[in-house]
Amino acid sequence: MKTRASASSNGSRTRNLFPILSRKMRGHPLVYLDNGATTQKPSSVLSAMDSFYKKSYANVHRGIHTLSEEATVAYEHAHENVADFIGASSLREIVFTRGTTDSFNMLSRMLTQTFSRGDEIIVSQAEHHSNLVPWQQLAQQKGLKLSFIPYDSRTGELHWEKLEKMISKKTKVVSLTHVSNVLGFISPLKKISKLVHDHNALLSVDAAQSVARLPINVKKMGVDFLSFSGHKMYGPTASGVLYGREDLFSSLEPAYYGGDMVREVTLNKSTWNDLPWKFEPGTPPIVEGIGLGAAVDFLRAYPLEDIFSHEKKIMAHAMNGLSSLGNITIYGPSSPEQRAGVLAFNVKHVHAHDLSSLLNEDGVAIRAGHHCAMPLMTALNIPASARASFAVYTEKSDIDALVEGVRKAQTIFK
Amino acid sequence: MKTRASASSNGSRTRNLFPILSRKMRGHPLVYLDNGATTQKPSSVLSAMDSFYKKSYANVHRGIHTLSEEATVAYEHAHENVADFIGASSLREIVFTRGTTDSFNMLSRMLTQTFSRGDEIIVSQAEHHSNLVPWQQLAQQKGLKLSFIPYDSRTGELHWEKLEKMISKKTKVVSLTHVSNVLGFISPLKKISKLVHDHNALLSVDAAQSVARLPINVKKMGVDFLSFSGHKMYGPTASGVLYGREDLFSSLEPAYYGGDMVREVTLNKSTWNDLPWKFEPGTPPIVEGIGLGAAVDFLRAYPLEDIFSHEKKIMAHAMNGLSSLGNITIYGPSSPEQRAGVLAFNVKHVHAHDLSSLLNEDGVAIRAGHHCAMPLMTALNIPASARASFAVYTEKSDIDALVEGVRKAQTIFK
Amino acid sequence: MNAVTDQRDFAGEGMYREHILDHYKHPRNFGEWKTCSVSHKELNPVCGDQLSFQLNMDEKGVVKDVRFSGQGCAISIASASLLSDEIKGKTIDQINALSRDTVQELLGVTLGPSRLKCAMLSLDTVKNACQIYQKYHAGGKKHGGH
Amino acid sequence: MNAVTDQRDFAGEGMYREHILDHYKHPRNFGEWKTCSVSHKELNPVCGDQLSFQLNMDEKGVVKDVRFSGQGCAISIASASLLSDEIKGKTIDQINALSRDTVQELLGVTLGPSRLKCAMLSLDTVKNACQIYQKYHAGGKKHGGH
Ligand SMILES: Cc1ncc(COP(=O)(O)O)c(C=O)c1O
Ligand SMILES: Cc1ncc(COP(=O)(O)O)c(C=O)c1O
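Taken in order, these protein sequences are the chains called P, B, H and E.
Read left to right, the first sequence gives residues 1 to 414 (UniProt numbering).
Read left to right, the second sequence gives residues 1 to 414 (UniProt numbering).
Read left to right, the third sequence gives residues 1 to 146 (UniProt numbering).
Read left to right, the fourth sequence gives residues 1 to 146 (UniProt numbering).
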């Protein structure tokens, strides 16, 4: 598991680890550039799940028989694996959820239970709906104030300086994306963390786009809560993580209830299980958790430093290639150095949907639309954009296919 | 898919469809009698998921490229398949959740949002924590009344007659298990439905234990909401269903928020997507949903009528075998005819944990504990019980191994 | 015209055949009248497409003429253009009978679920315009019990 | 004694060897005193097991004698019985140093995660009893900084 394979030098060997990438799309090789939506899965992750179902499957935590003991050990080990991967202290800080959205729904409910009317939540104008709508709805229901760090059209990032003026004694939590799923910028979390903690607020981070792109250490970055999805880090759907600092998790009341998260239940009263189980009601995503653990092993075999620099090279190649065509607008920071794996753009006279359909005819899969970030689209004053997003298996030739496809579209629509 | 295999006559052929059942446990064949906790998976379900990951995997609903279109069609088809399986009108009534517990958390939040202080919720003393703790906690938070249909020690079921006296104008919802996960009884849903609807209340049913054991038709049974888990019906973990009558679903506000469940989002306001997507925030359990669809195909190939009568024969064989040993207490209805697949019992002088450990040495997997139904254990005045629970692959020889193991335990502990 | 053949082969080659591009670049019946029998606008927030249709009806409830305007992708504009020709001379009942298959046949391609939404925006807009017209002209020919 | 070998081979054959059954059926130091230095009761709600321990300490903080009572499965009762013998003559620091491995060595089996909980109830109860004793006898030997 500790074998290191350099992502950049072994592009095509990496590709071979992903069964779906050998699929032909109408005769063309599959060029999958929709990794921001979800990544493909390596054989190691698929076989970890499949063989678990075939050899050790059972429900966890309460069974005494061998299968249940094995399942429990494997499931708990996956928590430890994730804890280690993001620099958490122990599995007590790792709650397995069903994805980033689930993490934010859970976290926002647990936190706002402790807030009072007039307390403030700060998010940004560039958040994915997943880190916006839960706070927005709960703020409305509970009379909380929701404020937004605005988009900065000069830098293609957020107006970071404004946070300093916005934050106050009323601010209870600041919840921000680590890497924007549209603009691709990387938030300066260390600085933000200091500012947030100086004001006795909490910092929650959306790592959906960053966890498989750059190294994360929650303690070094000073993050109090971290949310991410398994399916965007080479793991299965229906898996995800909510990390929380142990002292915070200990004092928070759960927001979801059911079996396994309880210690004692009477008809009218319940007490809660130990961490992290008090936040995992019902039969958990057992096999998905095991798949997530295998995805962590996969990511560890590169290291993330290499993936980060690999994707930066791909980014530079893509930004160059597209710009050279002319009539292309690229959103986000202009330097590839300040971006992580996500490239949104528009082609003059070609609607993003049409571009995506045309690219698809040549086997190139990109995303087109609002990327679940409608308020950002409003700020950018566009209804939709195209988005290419990269992964460990993305090669320069994939980018060449993209650029060639865009060129063709320009000809067709000129 | 429509090939019918009679479950009763083809016991051992059925066994061959489940890869894990060929595992040897310390030289013994695996006798898996913990199906109430979770069932094993047939090859068809495992390969549906594995090959989807290897051939058509992508995120659903918004992608324009071929993989995303294929994934969307497959995921939506799984909804239709489930709708058809339980007699729902269309996929608009089928929300994919992550399991029964998730369904109840979602449903209880959505409903109690519409209740007023003093309104009443009725559950029973025999509910799984999953259909108790969410209502209990929300009742407390919102000043609602929670009442309980009591356990009836004469029949081993619930005091059904009492519901008639309890129910009133204040009653907004009655939420009951279809098959008890401890007592094995089958609730008389048609009668209950009439009573509940006569009082303008809603009927929510926990079908976790019934959906893979007896035929269900929500319209014929008069059920307004139905919750169940994929992993207890030969499908994957992290999959589940919340069925809701379309008119009710249409008028309910969602309880969880995020991408994909919205139509339009501005910084301060959101509107919701069409049914059922307005209740499926974020990237849904895509592959799990497809696995669930494959599990439905599997169940359809028998029919459930046959599974039901097969499990009843197994039940009779087990009740006879255990009773003949003496010093055994069986919980629930005394006639196998009134039970579905679940058999809880205790052996005098042998703690259920020790029994389970001893059986495990001979490859027999049963459950021991409170089965996530602590209030029922209190009513039964026991701290724990053993539980054997059956499935389509359970054979008489499995029961013989169980009975022989219990006999051995009696000798050891005598 | 292409029949809907293999479910799995969405939007085969030639989705952007001359036909569609022609209607996109030179939409028929494009523009806006000052007055008309009924006008209606719809929006697809998912992709930002918006279409507005104006209908002129005769006393028998037949579409005499039509104009549309708006913005969107090639599929949505071409569908609107093709549909605007198609509905001329049709009764409201005939328009209500038009289906997603009609639109795909007009386009000459089979669309996957997401592009189908682009294509259906025009039909939805036209049908809703007809409904509004009927509501305000209930005195005329009633919506038959078919 | 069995060392913890293969993680995956929990509770191998002979989990109910004579040794454990003997301590279950004839628990040592079983019973209740009227008075003692400290007494403490713990409950495992998951399986309903409950154990109560009484300790008599000498002036140096050494366990002179012990009694336990309660109900539970064979593993929890046998662990309590074995542990009650083991702690006699030990200091509180020595008791605090006892681990889950100690208990498994006393039992002579390796337990899986759920049965381990049964086995650990006695050790948890004893350790918590010691902590309570120290709290109320803080004047004596302080809990060392190890
Ligand atoms: C009757 C009943 N309800 C609810 C549940 C909870 O299901 P899950 O753990 O899949 O959420 C179970 C299973 O444990 C059950 O047997
Ligand atoms: C930045 C960001 N946050 C949150 C999400 C939501 O993740 P999921 O859909 O897995 O819940 C996504 C992915 O769509 C994302 O890119």
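Bear in mind the hints are in silico, worked out from the structure with no lab data behind them.
Since we're looking at a predicted model, the values are computed, not measured.
Hints may be right or wrong, so weigh each one.
[Unchecked claim] List time: in silico DSS-like cross-link candidates among lysine-lysine, alpha-carbon distance up to 30 Å: (1) B:LYS269 <-> H:LYS90; (2) P:LYS408 <-> H:LYS117; (3) P:LYS269 <-> B:LYS142; (4) P:LYS24 <-> H:LYS90; (5) B:LYS54 <-> P:LYS313; (6) P:LYS170 <-> B:LYS142; (7) H:LYS90 <-> P:LYS348; (8) P:LYS269 <-> B:LYS54; (9) P:LYS348 <-> H:LYS64; (10) E:LYS88 <-> P:LYS269; (11) B:LYS269 <-> H:LYS41; (12) B:LYS194 <-> B:LYS172; (13) P:LYS169 <-> P:LYS194; (14) P:LYS191 <-> P:LYS269; (15) B:LYS269 <-> P:LYS408; (16) H:LYS127 <-> H:LYS90; (17) B:LYS269 <-> P:LYS142; (18) P:LYS396 <-> P:LYS313; (19) B:LYS54 <-> P:LYS396; (20) P:LYS172 <-> B:LYS269; (21) H:LYS117 <-> B:LYS55; (22) B:LYS142 <-> P:LYS24; (23) P:LYS165 <-> P:LYS190; (24) P:LYS269 <-> B:LYS269; (25) B:LYS170 <-> B:LYS190; (26) P:LYS396 <-> P:LYS414.
Each hint tested on the structure:
1. B:LYS269 <-> H:LYS90: Given that 30 Å is the threshold and the Cα spacing comes to 40 Å, the pair is violated.
2. P:LYS408 <-> H:LYS117: holds (25 Å)
3. P:LYS269 <-> B:LYS142: holds (15 Å)
4. P:LYS24 <-> H:LYS90: violated (45 Å)
5. B:LYS54 <-> P:LYS313: holds (28 Å)
6. P:LYS170 <-> B:LYS142: holds (26 Å)
7. H:LYS90 <-> P:LYS348: violated (37 Å)
8. P:LYS269 <-> B:LYS54: Measuring from Cα to Cα gives roughly 47 Å; hence the hint is violated.
9. P:LYS348 <-> H:LYS64: violated (36 Å)
10. E:LYS88 <-> P:LYS269: violated (40 Å)
11. B:LYS269 <-> H:LYS41: Since the Cα atoms of B:LYS269 and H:LYS41 sit roughly 22 Å apart, the hinted pair holds (cutoff 30 Å).
12. B:LYS194 <-> B:LYS172: Holds, at roughly 14 Å.
13. P:LYS169 <-> P:LYS194: holds (15 Å)
14. P:LYS191 <-> P:LYS269: Violated, at roughly 43 Å.
15. B:LYS269 <-> P:LYS408: It is violated: about 40 Å lies between the C-alpha atoms, which goes past 30 Å.
16. H:LYS127 <-> H:LYS90: holds (12 Å)
17. B:LYS269 <-> P:LYS142: Distance of about 15 Å is within 30 Å: holds.
18. P:LYS396 <-> P:LYS313: holds (9 Å)
19. B:LYS54 <-> P:LYS396: holds (23 Å)
20. P:LYS172 <-> B:LYS269: holds (21 Å)
21. H:LYS117 <-> B:LYS55: Cα-Cα ~25 Å, so holds.
22. B:LYS142 <-> P:LYS24: violated (56 Å)
23. P:LYS165 <-> P:LYS190: Distance ~18 Å between P:LYS165 and P:LYS190 Cα, so the pair holds.
24. P:LYS269 <-> B:LYS269: Given that 30 Å is the threshold and the Cα spacing comes to 36 Å, the pair is violated.
25. B:LYS170 <-> B:LYS190: holds (21 Å)
26. P:LYS396 <-> P:LYS414: The given pair, whose Cα atoms are some 27 Å apart, holds under the 30 Å limit.
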